[in-house]
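Dock chains G, F, U and Z with the ligands against chain W, hints included.
What follows is each chain in one-letter form.
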Amino acid sequence: MIKLSYQKQLKTTDGFFELSIDLDIPKGAFICLYGPSGAGKTSFLRILAGLLAPDKGSILVNDIPWYHSDKKIGLSPQKRNIGYVFQDYALFPNMTVQENLKFAQRKGQTKDLIPELMEVMELSQLANRTPDTLSGGQKQRAALARALVQQPDILLLDEPLAALDAQISTKLQDYILNAHRDYSLTTILVSHDLGEIMKLTDTVVVMEQGRITKSGRPQEIFMNRQLSGKFQFTGTILSIEKQDVIYVVTVLIYNTIIKVVADATEIQELRNGDSVVVASKAFNPVIYKIPERS
Amino acid sequence: MIKLSYQKQLKTTDGFFELSIDLDIPKGAFICLYGPSGAGKTSFLRILAGLLAPDKGSILVNDIPWYHSDKKIGLSPQKRNIGYVFQDYALFPNMTVQENLKFAQRKGQTKDLIPELMEVMELSQLANRTPDTLSGGQKQRAALARALVQQPDILLLDEPLAALDAQISTKLQDYILNAHRDYSLTTILVSHDLGEIMKLTDTVVVMEQGRITKSGRPQEIFMNRQLSGKFQFTGTILSIEKQDVIYVVTVLIYNTIIKVVADATEIQELRNGDSVVVASKAFNPVIYKIPERS
Amino acid sequence: MNWEPLLLTFELALTTTIALLLVSIPLAYWLSKTTSRIKPVIETLVSMPLVLPPTVLGFYFLVAFSPNNAFGEWLNSWLGLQLVFSFGGLVVASMIYSLPFMVQPIQAGLASLPASLSEAAAVMGKSRNITLFKVLLPNIKKSLLTGIVLAFAHTVGEFGVVLMIGGNIPGRTRVASIAIYDEVEALNYEAANFYSLTLFAITFGMLLLVYLINGGYLKRFWK
Amino acid sequence: MNWEPLLLTFELALTTTIALLLVSIPLAYWLSKTTSRIKPVIETLVSMPLVLPPTVLGFYFLVAFSPNNAFGEWLNSWLGLQLVFSFGGLVVASMIYSLPFMVQPIQAGLASLPASLSEAAAVMGKSRNITLFKVLLPNIKKSLLTGIVLAFAHTVGEFGVVLMIGGNIPGRTRVASIAIYDEVEALNYEAANFYSLTLFAITFGMLLLVYLINGGYLKRFWK
Amino acid sequence: KKINEDKTLIRMAVAANMQYAIKELADQFEKDTGFTCEVILGSSGKLFAQIKEGAPYDLFISADLTYPEALYTIDLTHEPPRVYAYGTLVLWTCSSTLRPSLEVTETDSVQHIALANPKTAPYGKAAMEVLDFYGLSSKLQDKLVYGESIGQTNQFITSGAADIGFTSQSVVESQAMKNKGKWIRIIDTAYTPMPQGVVLIKRKKPKKQGAQAFYEYLFSEEGKDILQKFGYSVHE
Ligand SMILES: Nc1ncnc2c1ncn2[C@@H]1O[C@H](COP(=O)(O)OP(=O)(O)OP(=O)(O)O)[C@@H](O)[C@H]1O
Ligand SMILES: Nc1ncnc2c1ncn2[C@@H]1O[C@H](COP(=O)(O)OP(=O)(O)OP(=O)(O)O)[C@@H](O)[C@H]1O
Ligand SMILES: [Mg+2]
Ligand SMILES: [Mg+2]
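Protein chains in written order, with the numbering used here: chain W, 236 to 529; chain G, 236 to 529; chain F, 3 to 225; chain U, 3 to 225; chain Z, 4 to 239.
Hint data in this document are derived by calculation from the structure and do not stem from the laboratory. Here a beta-carbon is modelled for each residue, glycine too, at the ideal position from N, C-alpha and C. A hint or two may mislead.
Stated by the list, open to error - Below, a list of computed lysine-lysine pairs in the DSS-like style, where the Cα atoms sit at most 30 Å apart:
1. K35/F <-> K144/U
2. K122/Z <-> K183/Z
3. K246/G <-> K143/U
4. K314/W <-> K136/U
5. K342/W <-> K136/U
To be verified - Computed list of chain U residues with no C-beta within reach of chain W, every gap over 10 Å:
6. N4
7. T36
8. N190
What the hints assert, rightly or not - Footprint (simulated), chain W over chain U, 3 or more residues, beta carbon under 8 Å:
9. 115–123
10. 126–139
Here chain W stands alone, though its shape is the one from the complex (with noise of 0.2 Å):
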């Protein structure tokens, strides 16, 4: 359980930008910070770390008071047992990525995941290799692994699959999942990305200049948002063709793309590039179960 309690205020050139947290976080959740950028996210994850320090409050993890202004206690971040994957991924420049992964184990930490991470992410190739010859995303994958070599209790993953294509985000969104079910981790994410946030989280916490102005389980933060349990997409079209008397309009929602039958009248006020809603007249939809990917 972390109780979160506190205020910051962050000097910036042109005044004041205020972080003002209250939050309650069950042991074994899994977290998702959402809001605009700018909004305190990364602030957020930096003070639970340690990195920074709050102005006044407190922060309780399982009652033990990591901060209280009042008794002023202030644990170090090196007491916290926390895994943080940085947004600027802050590897060590002169580690390779094997002893980065290396440096980040804990004296005494019995098992040895180092082989297994580096296995997932797909890092065994570039095991020798510094940070400064890696790709992004290699990057990105480097770092994660690193945060989660510690065995953390609590894991703070800052946009962490945002430079991934979607083949090995998807990989390595089910391994933090799996990670943060084995490990019982408390774990928060920040993430701009819905698909990911649905497929992990259990709350997510929207921010808006620097304050949590919602906060709710995924479905019910975003149904209102979105369309809600109508079959009806939202997408672009991308070309109008004609075929004898009707025209096949291909419209792109997401990443999947339909082709829909209109007529000259519905095609008038339509044009490439413009943003519509394709909607079901009577819709009967069936579901069918994907075969696990071995």
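For chains G, F, U and Z with the ligands alone, kept in the frame of chain W given last:
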């Protein structure tokens, strides 16, 4: 017209990574480089920008050789008039956001785009901040604005929207597209986001292990990969609720949530978090135009 | 108390530091960029003025700059430069002597900057010079300061080289360090202490001011 | 040709550099981290040994370390340390004299590292010491090298301070710089040249090796 | 900077051990004649090197004969050097508990004995001769510390770093050191006399009146008196 035909070996601690490119890019094209992490996308951009020299081959832009190994030609990056958004932003730490933009302005440039760009990218509030006080997304916006200030002929974007939330990234996509059209840029975008790719680009170039394995219109490239044509979507089960004798299955498809009715037998093999395909039995879609946002 | 040697000292230190800065920035920049094979040789040569005792170095300068000598003769007749027993000579000698203190920190600073900064500037069409002065140097202020402070302080405290080629001529080459030394030699400890303390106090004040500004402690008054 | 002064010189320079490294790393680290108000004062004090002419500085050391004096007496009787006319004294004096050359580049190097590196290590539960030695220092090799080379070369060429508190005792405190100076004074220019050239050549070789290794030119043989 | 090449200015290079006597000599001379004297102190070797390379000095007052003779050999002086005085050696201590004597140097209360470098400084050479004369040199070997010049030797002694040391009588007789410590004069026969020479430097510009006048003043009765007062012997 950009004609690329070159080879480049990158020495890594464990052997070589070979980049071998043959590609023609028409003037005014909006190309997407797509491919797994480490495929060579960033290296492709760096070579085009003149930051990395190929080992042999040639780069012709409008028939002017920018690089030619036989003729020993290698135009400096300064002479290429290219806008580049770096993967690590590369904002100048000693300058404020505004100064960063001002610095990018070319001498003799008639139109001052800075106020407009600051407005669109929502940077006005941050004008006097230095990069070290910006959040990840704020940095990315500043870097994007800076690349556009100089009205380049060619714009290179290395995952320019990765750290942004849906709202602002939609806005910036529109802006990039407008800039691309208005200034008749040739734009090359590295991205993993299919929606973004579909919306912005006219050609997708797929790279794998330093080579171009496929290229074509986004529809062609991705249609085969996706469940093409039919109105069916892949999603994740969020919840299964019993209502009287039937079950209501809530499925997340991208960031839309739909509810599907199922009976007890259908439900048996389904669990929360399972990937499923939702398809229509008798589907008759209609299409509505969404009014332009102001 | 004679203020002349102190004034002369600060004049010398200031001139040397400025001249050295002008020479060292391009040199350090070149060293930080080049992949030439002779780089380590140049790096070593830059450190070498440190290795010889200052008086000995001064002795070699004396011989080299002397109009009795081909090189000194050439300087004298072609450039009209007389480097022995003149202020100009002190400046040249001090520059050579303090070269490594200026070059090395700047070089290390430039080498530590991420390559993407110069690359971004290059892509924007900025020349190497503009990039250097507008982007690179402003981001290694700490290292520049280190170089300036080391070179300045070192020239203030310089003694052996100056004594040898300067010749201890009041008002021209008799800087504070030599004046102090003379007093110590003459066992006039009080005068020496007084000179030393003054030199120490003034330099302390100057450097403290530099560090205060650099640390942003004076922002209120500064900005 | 007497090799003793040369050997002694390198022994002194090596000892001083190593001892100085041990002192300077924590000091530079503290300076690069602290937000204390006295930081600029300490920074200034660190530069001050440069400002006084070495012989004068040496004279003050002589007075301070002299057994006639409370401090020297205390050192002598309590720690059994005799710092005048002894090798140990040369080491202590050289350390103080070369302190800024070691501290300042290291401090500038540490200050230029992105904060996220130490933060990442802290989050991993690594102590400040481990972070410093495993993460920070290996990433400022250039600056460390600058510090080591400047301090080493400066001690090789050191003369005034050593002369003052060393007492020119053959085999104990008569280092090469003093030997060369003696030969110049005695008008044995040939012997002085010979010593100088040898000192120069050996140090040149050593530094060149350091720079070659540092530049990765010897990777084939090194790794 | 404009060089003060004033006709009435005499620029003299003076060996460190003459610094006290020269001050009084110059003051007196200025008062008598109206010339201005500028004294440049240094070790004889350094001054020699500078003169050789064209230093703007009119007169070289050395602590021995070697350097002036070397200048004469390379034709930088008008005449061979003339001896203006002989140096005298004393044994000096600033320790309150010691009484200066050659015997006391052998005891444990003396840890360090300071002398000028015998290789380069005449007073150092004389001091070594004294030790040899009394058969002490090998016994005291480990106690000896060497100053670069007589000036530095004095600093070793006055700072107390060296318990006792050999220096020039002119030092202990000086105004500044008059009542500091205790000293004894070493018997003349224990070392070879130390003749100190003076030469007029040949310069491109015409020989200066003043330089010639000061040169002569050194050998005048008045000059001799002052030199003697500072413990130099002036008998030829
Ligand atoms: N070191 C700092 N000094 C001053 N202000 C800062 C500092 N770091 C961040 N800020 C400001 O605090 C606010 C919150 O920043 P934070 O990095 O927490 O945002 P974020 O939610 O992580 O955004 P993003 O999604 O863009 O990374 C922003 O306005 C930012 O400019
Ligand atoms: N400076 C370098 N030295 C050696 N190898 C490098 C260097 N930069 C990149 N590489 C290697 O070259 C390959 C291509 O890298 P590149 O950065 O072009 O990939 P990318 O397609 O941009 O990947 P990502 O999507 O992860 O950013 C990778 O295997 C990478 O490790
Ligand atoms: Mg952030
Ligand atoms: Mg990349």
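Status of the hints after comparison with the structure:
no. : hint              : in the structure
1   : K35/F <-> K144/U  : holds (14 Å)
2   : K122/Z <-> K183/Z : holds (28 Å)
3   : K246/G <-> K143/U : holds (23 Å)
4   : K314/W <-> K136/U : holds (19 Å)
5   : K342/W <-> K136/U : holds (15 Å)
6   : N4                : holds (44 Å)
7   : T36               : holds (16 Å)
8   : N190              : holds (50 Å)
9   : 115–123           : holds (count 6)
10  : 126–139           : holds (count 6)
Every hint, counting from the list given before, is met by this structure.
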